[in-house]
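Please arrange chain B on chain A, whose structure you already have, making use of the hints.
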Amino acid sequence: MARHALRRVLLAIAQLTLLSVLVFLLTSLLPGDAADVLFNDKTGTEQIARLRHEMGLDQPPAQRFLDWAKDLLTGDAGTSLTGGQPVSGIVAHSVGATALLAGVTAVIAVPVALVLGLVTGCRAGGRLDRTVTAVTLALGSVPDFVLSLALVAVFALKLGWLPSTWIGATTGDLLTRPGLLVLPVAVLLARTVSQLIRQFRAGTLGALNSGYAQQARRLGVPRTRLLLRHVLPNAAVPGVQQLARTGDALLGGVLVVEAVFAVPGAATALIEAVRSRDVPTVQALTLLLAAAALFLNVAADLVSHRLSPRVEVLR
Amino acid sequence: MTRPLIEVRRLTAHAADGTALVRGVDLRMEAGRVTALVGPSGSGKTTTALALLGEAGAGVRLSGHVRVGETEVVGAHGITAHAAGVRGGTVAYLPQHPGNALNPARRIGAVLTELAALHAPSGGGRNASRALSRAALEQAQLPPERPVLRRFPHQFSGGQQQRVALAEVLACGPRALVLDEPGTGLDTVTRAALTRELARLARSGPAILLLSHDHAMVRALADDTVVLEAGRVTARGTPEAVLPAAPAPVTVRESGEDPDGGAKEHPEDSGEERPDGTPLLQARSLFAWHRRRGHNVLHDVSLRLRAGECVGVAGPSGSGKTTLARCLAGLHERLGGDLLLDGAPLPALVHRDREQKRRVQYVWQDVHDSFDPRRTVIDQVARTAVRLRGRTVDQAREEAGALLCEFGVPPRTAARPPGALSGGELQRAAFARAALARPDVLVCDEITSALDAETAERVLTHVEHLRTTRTAVLWISHDLRLMRRVADRLLVLDGGGLAEAGACARVLARPRSEATRRLLDAEERGQRRRTALPAEAGPHPMG
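Just so you know, the sequences run in chain order A and B. Under the UniProt record's numbering, the first residue of the first sequence is numbered 1, with each subsequent residue one higher. Under the UniProt record's numbering, the first residue of the second sequence is numbered 1, with each subsequent residue one higher.
If we strip away everything but chain A, and leave its shape as in the complex, we get:
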């Protein structure tokens, strides 16, 4: 196990290095740079050239990459080209909200999905199973923005129970006003839980019909014990992998939810940075999200490996 973990982490570090190169290359491919954005038609080319020199934009790409990487390793993500404030501040501010949304969603989604997945898997074809399957299929198929708007229309506008937007709120307010979280998390949960339940259900079904579950039953293992000790570790494997994918999506892809509820999150900050050619912020945010995705996948792999060590052999 320890060796497997070490190998997996080393691989992740290599991936991260490769990724930082890619992020840098791709962002330097963006048409125009901050100097173009900051100045308009009236500024002379000479001024732009001077600004480029000040910002270090006239250096060769390899040199710029090394400088950037060196600064990153010392914890300095640079200065925003548009606002002049440190990038780390922008990142910290925007990622906080996203991480909170993703975290709350995951904390609710996993136990709910695990229990419902196990129960529906055990009673496949039963009334509960059919109901849950129908509901999750429907929820999973509704686009986020439709669901968001529908929830806002009903709970915020019609009933007035919950706030419909985060405008004016900061990350700090969330803890004192949890009502802000309800609608965005509800939208995120709809898709997350639907996908997770289906994976856990399929895993449970597969494990229950397996030869080892049958043999455990024949050797007199009682039902609850069978489920928890023999079926669950195997049934959870596809769910854990799905969870890592869901985590990626939650961190990077909650744009619609952020846009609808005006959440000052990572996706919003990223779009804003790309629009203003604020390359350091784009790079820092992209790299952070990529690193988080890598981390989640490594964690999922290690958990799967612990649950079912054969996974490694099959690969």
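Just so you know, the hints here were simulated from the structure itself, not pulled from any lab data. Heads up, a few of these hints could be off.
[Unchecked claim] Computed beta-carbon distance windows for the label pairs: (1) Pro345(B) / Gly75(A): 53 to 61 Å; (2) Thr392(B) / Leu6(A): 53 to 61 Å; (3) His290(B) / Val115(A): 37 to 45 Å; (4) Thr131(A) / Thr469(B): 54 to 62 Å; (5) Arg412(B) / Val115(A): 38 to 46 Å; (6) Arg232(B) / Val142(A): 32 to 40 Å; (7) Leu228(A) / Ala415(B): 54 to 62 Å; (8) Ala299(A) / Thr392(B): 49 to 57 Å; (9) Thr238(B) / Arg306(A): 50 to 58 Å; (10) Leu6(A) / Pro345(B): 36 to 44 Å; (11) Gly78(B) / Gly160(A): 58 to 66 Å; (12) Val142(A) / Pro345(B): 46 to 54 Å; (13) Glu454(B) / Arg223(A): 37 to 45 Å; (14) Leu228(A) / Ala128(B): 55 to 63 Å.
[Stated by the list, open to error] Partial list, computed: chain B residues near chain A (C-beta under 7 Å): (15) Gly89; (16) Ala101; (17) Leu102.
[To be verified] Sample of chain A residues with no beta-carbon within 10 Å of chain B, all distances over it, derived: (18) His4; (19) Ser28; (20) Arg64; (21) Thr74; (22) Gly78; (23) Cys122; (24) Arg127; (25) Leu128; (26) Ala134; (27) Val146; (28) Pro222; (29) Arg277; (30) Phe295; (31) Val298.
Glycine is no exception: its CB is placed at the ideal position from the N, C-alpha and C atoms.
Leaving out everything else, chain B in the frame of chain A:
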């Protein structure tokens, strides 16, 4: 007369469609005695055995009377509510393919301790359970050490997995054991060792029900034999009285001149015995490995297969027979060397075109997982002809039905999903599925090991028929008796390399390699064992 431990009276079982699977079986089992249940596949052996646990397949209705210890397991109206109480602690069942019965996510020590604690008479705490689990492991001939206990099932070889499954069964401390076809798929040497161990187990006290079509094993172990045919008991008594006489030993080795030249330095299947024609399938110095190159499971194996020819492959467990088959079938992709079909390179399966897929077909043992559990068997068998030969669905179904009938799988059985077929019936269906492609090369890996003699005969007849239509056959088997019948030439593998190759009759009559001699010795011992069981304590091959 004392009350037997297990008593079965007028047990019947009906499938969901009303077919009678078991029609009035009576059975008595006593502590310390081995009762063998023999009969062709599909005769109701497993259904009867599972009834002792109060278990029946999906849709199967049991009735009659089954008493285990003091518990009524099956009554006139089917399985009783008390049946769950006998499972494990009183009657424990060892399934036919133990590899499937082990939980891939659990360390074996944890499962053994759990089972021991579950069935221990009055608790006794964790240490007592640990001691019981170690004892069970020892009884199953595995060292009861911590590193072994901490392993996962996939870290054991096939033969060892069988022992682990046996240890799990023994950890429950059952008063009666049901062994379903133990030894299926094991080579003769390992099978002989298993037989010895089971004999020792039988003497240690539990009542044993042995389900087997291996007459040699039944003769060696059983006190009583019950013969089932089509769900009815047709004979009972001692093995000697009931079973047909054992075949006379045929392994008389000749001495003297080799008709086909002197011993070769480096054994190589040159196919010189039949110089006519070009090879249909050729493998040139094939290497294969699993996870790391260099750790080869096959080294430098060459073979030639001509149209209409049958080449046998023999060797102990782990000698690389199945890897060779999987290489030819394109399923093992980590290989070096050349693989040629009609002189053209044959790629791995995913890169083969439809015609190449049709031309090389592979049938293996333990085929259950290769069938979709939701579709009927006949549809899945017929699909080959649709996919690979462009037949219409109706034509394909007709051909498939006829072929399955020839193999003794009636249309009514074939119209069920695979879960409702016995292991032997599925094995034949898998063979039919491959044969329906009208392959040019048919690779058969131990396809008769789960079949009784009569059914195996039908399969062999069809193999011979295929050869008359110029299909080449690679026949992998532990059964040297069948090998003599089907194979023109024989390759003996040992430790991944070719130990010997030559005309089948010559290799088995005048073996030149140690590996071949060992196989022949084990076969001879197996045939002798039908009289008294020798208490020889030979080494136990650990896979």
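Results for each hint:
| no. | hint | verdict |
| --- | --- | --- |
| 1 | Pro345(B) / Gly75(A): 53 to 61 Å | holds, 56 Å |
| 2 | Thr392(B) / Leu6(A): 53 to 61 Å | holds, 57 Å |
| 3 | His290(B) / Val115(A): 37 to 45 Å | holds, 39 Å |
| 4 | Thr131(A) / Thr469(B): 54 to 62 Å | holds, 56 Å |
| 5 | Arg412(B) / Val115(A): 38 to 46 Å | holds, 43 Å |
| 6 | Arg232(B) / Val142(A): 32 to 40 Å | violated, 60 Å |
| 7 | Leu228(A) / Ala415(B): 54 to 62 Å | violated, 39 Å |
| 8 | Ala299(A) / Thr392(B): 49 to 57 Å | holds, 52 Å |
| 9 | Thr238(B) / Arg306(A): 50 to 58 Å | holds, 53 Å |
| 10 | Leu6(A) / Pro345(B): 36 to 44 Å | holds, 40 Å |
| 11 | Gly78(B) / Gly160(A): 58 to 66 Å | holds, 60 Å |
| 12 | Val142(A) / Pro345(B): 46 to 54 Å | holds, 51 Å |
| 13 | Glu454(B) / Arg223(A): 37 to 45 Å | holds, 41 Å |
| 14 | Leu228(A) / Ala128(B): 55 to 63 Å | violated, 23 Å |
| 15 | Gly89 | holds, 6 Å |
| 16 | Ala101 | holds, 4 Å |
| 17 | Leu102 | holds, 6 Å |
| 18 | His4 | holds, 13 Å |
| 19 | Ser28 | holds, 39 Å |
| 20 | Arg64 | holds, 41 Å |
| 21 | Thr74 | holds, 40 Å |
| 22 | Gly78 | holds, 44 Å |
| 23 | Cys122 | holds, 16 Å |
| 24 | Arg127 | holds, 20 Å |
| 25 | Leu128 | holds, 21 Å |
| 26 | Ala134 | holds, 21 Å |
| 27 | Val146 | holds, 34 Å |
| 28 | Pro222 | violated, 8 Å |
| 29 | Arg277 | holds, 45 Å |
| 30 | Phe295 | holds, 24 Å |
| 31 | Val298 | holds, 20 Å |
In this structure, the hints that do not hold are numbers 6, 7, 14 and 28, in rising order.
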